[in-house]
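Enquirer: Kindly produce the complete structure, drawing on both the sequences and the hints.
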Amino acid sequence: MHAHRSRTPETERTRRWFMNRSLLLGGAAAVATMTGCSGGSSETTGDASSGAPSGMSSGGPGGMGPGATEVKYADFVGITTDGKIVDDLFSIHSTDVSTDKVVQAAQAFLDGLTAKERKASVFEVADDEWLAWSNVDGYEREGARMGDLTEKQQKLGYALLGTALSADGLAQTRNIMKLNAFLGDYSGGGKETLTEGHYYFTFMGTPSTTKPWGFQYEGHHVAINYFVLGDQVVMTPTFMGSEPTSATYNGEKITLFKPETKAGLALLRSLTSAQRKKVISADEKGGTNMVAGAGQDNLKLAHQGLAAKEFTPGQRQKLLDLVGVYVGYMDDGHAAVKLKEVEDHLDDTYFYWIGATKDSSAFYYRVHSPVVLIEYDAQSPLAYGKDAQMGGGGGGGAPSGQPSGQPSGMPSGSPGGGMGGGTPTQQHIHTIIRTPNGNDYGVDLLKLHLETDH
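Residues 73 to 526 in the working numbering are what the sequence shown spells out, letter by letter.
No wet-lab data here; the hints were simulated from the structure.
Hints are supplied without guarantee of correctness; some may be wrong.
What the hints assert, rightly or not - Within a straight-line C-alpha distance of at most 25 Å, the following computed SDA-like cross-link-like pairs (lysine to any residue) qualify:
1) K372 / D168
2) K334 / Y272
3) K372 / D420
4) K430 / S353
5) K227 / D168
6) K430 / K372
7) K330 / A408
8) K227 / I157
9) K334 / K227
10) K412 / D168
What the hints assert, rightly or not - Label pairs and their calculated CB-CB ranges:
11) A379 / Y230: 26 to 32 Å
12) D416 / K188: 42 to 48 Å
13) R341 / H375: 30 to 36 Å
14) D420 / G219: 39 to 45 Å
15) T222 / T524: 39 to 45 Å
16) A146 / G405: 45 to 51 Å
Source: prediction; values computed, not measured.
Idealized CB from N, CA, C, for every residue including glycine.
Expert: Encoded structure:
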């Protein structure tokens, strides 16, 4: 029996403190989250992601944290177009892709923890902790913190990630962590959340080849939710982002989100002029347009843009190539399974765009079908750039490797650089992939498992 441990009142108070602090720093964007006016229980219509600031419904830029909008596991519905789940999208079946190695890697990591660390990291398979993730650095988290583990324990943690993710997925995750540390150096150092170590593992259930279980890996700009049932895997929601997206850290030049940027542009540029008019809602974007970030587990989001049933075969392939970039961060076998699932619903997959279309433009796009939701959002600078100010950090002078031509639109002296202030830039990108209609966190599969007593 695994060590179920509910979140304590002290932890809940700490998380409420975080949201109160966000309210003070974030102005109107955080007010929307705290009051729930754009939360998971509200309806997001076709106007929610317009270029106007009203599109901010995820608790600040791309989802700040659950806070007042947090959904309990028992109340989870999932992202829908109108509040109603599309039935019979998911089923328990064999994928013929073994999960033995990820089970073994997860068990090895847990076996390497101390009793205290393990107790702090293991929850029931249907625990609310699944939904309590955030992409913000200062959010109070549960679980085993990588920076507090021994080198041997860390290696076991990275081995688990390396088994669950593809080579590209592991590199992406590690590079986001490195650029988080770069940002800490840029802000003057001494801030434990802006390091490579401030990332946490939690486990829901016990690793098994037959029974449902999963794990979560979470920290600043990374949240990976990985559910396993037999040989089926659901790796959503997965949030990945960075600020900056290109810099030199410890002598290594790191550049992130080029595949996501290029694949989005490639699809858009393959469209005819008439098609683009249906896809692009505005030539300029606001500071943030992501709507399905942290805390938005019951979001109602209408389809926008153009459905792929109106695409040519070549355009449909470019759409699949774009989805493949995001799906391709999970292990290769299960990525192929997920991509086939998306392909089966391709006619009902919509592509939507906000912003300009040059290689260097800051833009937003969304791919939305019954079985996948993807968002890419190049946002306003918050903490990095010529005039950016960290909440308590100096940031006096950029470290070696700072890209030239940094944004200068940050409000001088405002804590955290404000919320979405300044001109959006590709140096601050947030992305997310979700499974609509109830199967984020593998919830629908778990329900089916319990109903059929598998």
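Enquirer: For each hint, tell me whether it holds in the structure or not.
Expert: For each hint, the structure was consulted:
Of the pairs offered as hints, the one joining K372 and D168 is violated, with about 34 Å between alpha carbons and a cut-off of 25 Å exceeded. Distance check on the hinted pair: K334 and Y272 sit about 31 Å apart at the alpha-carbon level, beyond 25 Å; violated. At roughly 17 Å between alpha-carbon atoms, K372 and D420 fall within 25 Å of each other, so this suggested pair holds. In summary, the hint linking K430 to S353 is supported, as the alpha carbons are separated by about 16 Å, within the 25 Å threshold.
Distance check on the hinted pair: K227 and D168 sit about 28 Å apart at the alpha-carbon level, beyond 25 Å; violated. With a CA separation close to 31 Å, the supplied pair K430 and K372 exceeds the 25 Å bound. Annotation: proposed proximity of K330 to A408 holds, straight-line Cα distance about 21 Å (limit 25 Å). For the hint linking K227 to I157, the alpha-carbon distance of about 41 Å lies beyond 25 Å, and the restraint is violated.
About 33 Å separates the Cα atoms of K334 and K227, which puts this hinted pair outside 25 Å; it is violated. A hinted pair counts as satisfied when its Cα atoms are at most 25 Å apart, and K412 with D168 qualifies at roughly 14 Å. One distance hint, 26 to 32 Å for the beta-carbon pair A379 and Y230, is violated here, with the actual separation near 40 Å. Judged by the Cβ atoms, the range 42 to 48 Å given for D416 and K188 holds: they are separated by roughly 46 Å.
Take R341 and H375: their Cβ atoms lie about 22 Å apart, and the range 30 to 36 Å is violated. Checked against the hint of 39 to 45 Å, the pair D420 and G219 passes, with Cβ atoms roughly 44 Å apart. For the hinted restraint 39 to 45 Å between T222 and T524, the CB-CB distance of approximately 42 Å keeps it satisfied. Range check, A146 to G405: about 32 Å between beta-carbon atoms, so the 45 to 51 Å window is missed.
Hint compliance for this structure: hints 1, 2, 5, 6, 8, 9, 11, 13 and 16 are not met, and every other hint is.
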